[in-house]
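Student: Each chain, written out:
Number of protein chains: 2
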Amino acid sequence: MTDASPAPDDGLTTRLRRLRPALIVNTGDGKGKSTAAFGTALRAWHQGWSIGVFQFVKSPDWRSGEREAFEVLDRLHTETGVGGPVSWQAVGAGRTATRKGSDREAQAQAANTAWAEVQRRLAGQQHDFYVLDEFTYPLVYGWLDLDEVLATLAGRPGTQHVVITGRRAPQPLLDLATTVTAMTKLKHPFDTNQLGQAGIEW
Amino acid sequence: MTDASPAPDDGLTTRLRRLRPALIVNTGDGKGKSTAAFGTALRAWHQGWSIGVFQFVKSPDWRSGEREAFEVLDRLHTETGVGGPVSWQAVGAGRTATRKGSDREAQAQAANTAWAEVQRRLAGQQHDFYVLDEFTYPLVYGWLDLDEVLATLAGRPGTQHVVITGRRAPQPLLDLATTVTAMTKLKHPFDTNQLGQAGIEW
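From first to last, the protein sequence lines stand for chains F and R.
Just so we're aligned: 162 in numbering that gives the first Met the number 0 is position 163 of the first sequence, and the numbers increase by one with no gaps anywhere.
Just so we're aligned: 45 in numbering that gives the first Met the number 0 is position 46 of the second sequence, and the numbers increase by one with no gaps anywhere.
Next up, chain F with everything else stripped away, as it sits in the complex (with noise of 0.2 Å):
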């Protein structure tokens, strides 16, 4: 919900102005930049929205709750035409592997891969919902062009809204954004030796 204000002096209708394309940051080191995302794209399904998701840390055997129930939704959506389909690519190695740094060549390559990919379902205008989960890491380790993605970004084609999330987000890609939100820790339950559990974490 928006506040009423008085319209703005920019030339745009107001159809225009709720179609411009959102790419939406969730940086920081707290909680929420993940969940956040899919909370989003849990309203995109429900618009009907074509939703690619791309896990640029996560393994493809991590099951997470969230990629299950997206599947669960994509299936929906195929039986019954409801809400929108959902293509979901988990292509990294694990935050283990990606922290102790083994076998970057290959994790920089499947970076790489699933970028191109990225890139080519942009031009295509495939999908009019894209999750870009933890990919500022790939862009901060230097497996990425970062330069070669802002581009990429910020001449897309058509409305297709982009949301990334991750630690340590670039300025550049701060700037290009539309929406940054930090996410700031003030407590978090590791801190008491708190384990993480299904359901809430994963």
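Because the hints were derived from the structure by calculation, they are not lab data.
You may find that some hints are simply not true.
One side only, chain F facing chain R, incomplete, derived with CB under 7 Å [unchecked claim]:
| no. | residue |
| --- | --- |
| 1 | Ala-43 |
| 2 | His-45 |
| 3 | Glu-67 |
| 4 | Ala-68 |
Note that the Cβ used here is the ideal one computed from N, Cα and C, for glycine as well.
Since the structure of chain F is already known, use the hints to place chain R on it.
Tutor: Same frame as chain F, now just chain R:
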């Protein structure tokens, strides 16, 4: 995913540390407070947990994407047994009404009725996972008694997880929480005359 770290010396087993009931607060003036709550609820749903959502500002007439998506997921659970059941209550008068303070007596009454129902469900352990969306506002406006709310939350039986969203969360609530994230606005689409749009903001 958690870091590998030595087992803490707190006398709890790994299983017990995993089962501590979470009290998660998403606050701050940025976006993502509610979407992160609903993204986490998606994980809870996938676990087969019973989910109770109470929206303290949204009015019953407001058909948000997340609400309709979770109603679909609830029906899917009923029909196929996949996921968990979802009970959704929107008990507010809408943000504009809340801001304008119109009919505050009726709004305060509605908040108290809804809170009494939350108390009843918590006492009966009716759900595994609760979202009290925009619950900070009735606290800030003084419609609910903070001490009573804190006592109810602190004394809730079993393993009932609770997520609370909203700006200006009172410090005693943060003190009680297991996880607190502040969503901070670094850039907001409304700053650049962008209007809210279906699929993104609702």
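Student: Sort out which numbered hints this structure fails and list those numbers smallest first.
Tutor: Nothing - there is no hint that the structure violates, so all of them hold.
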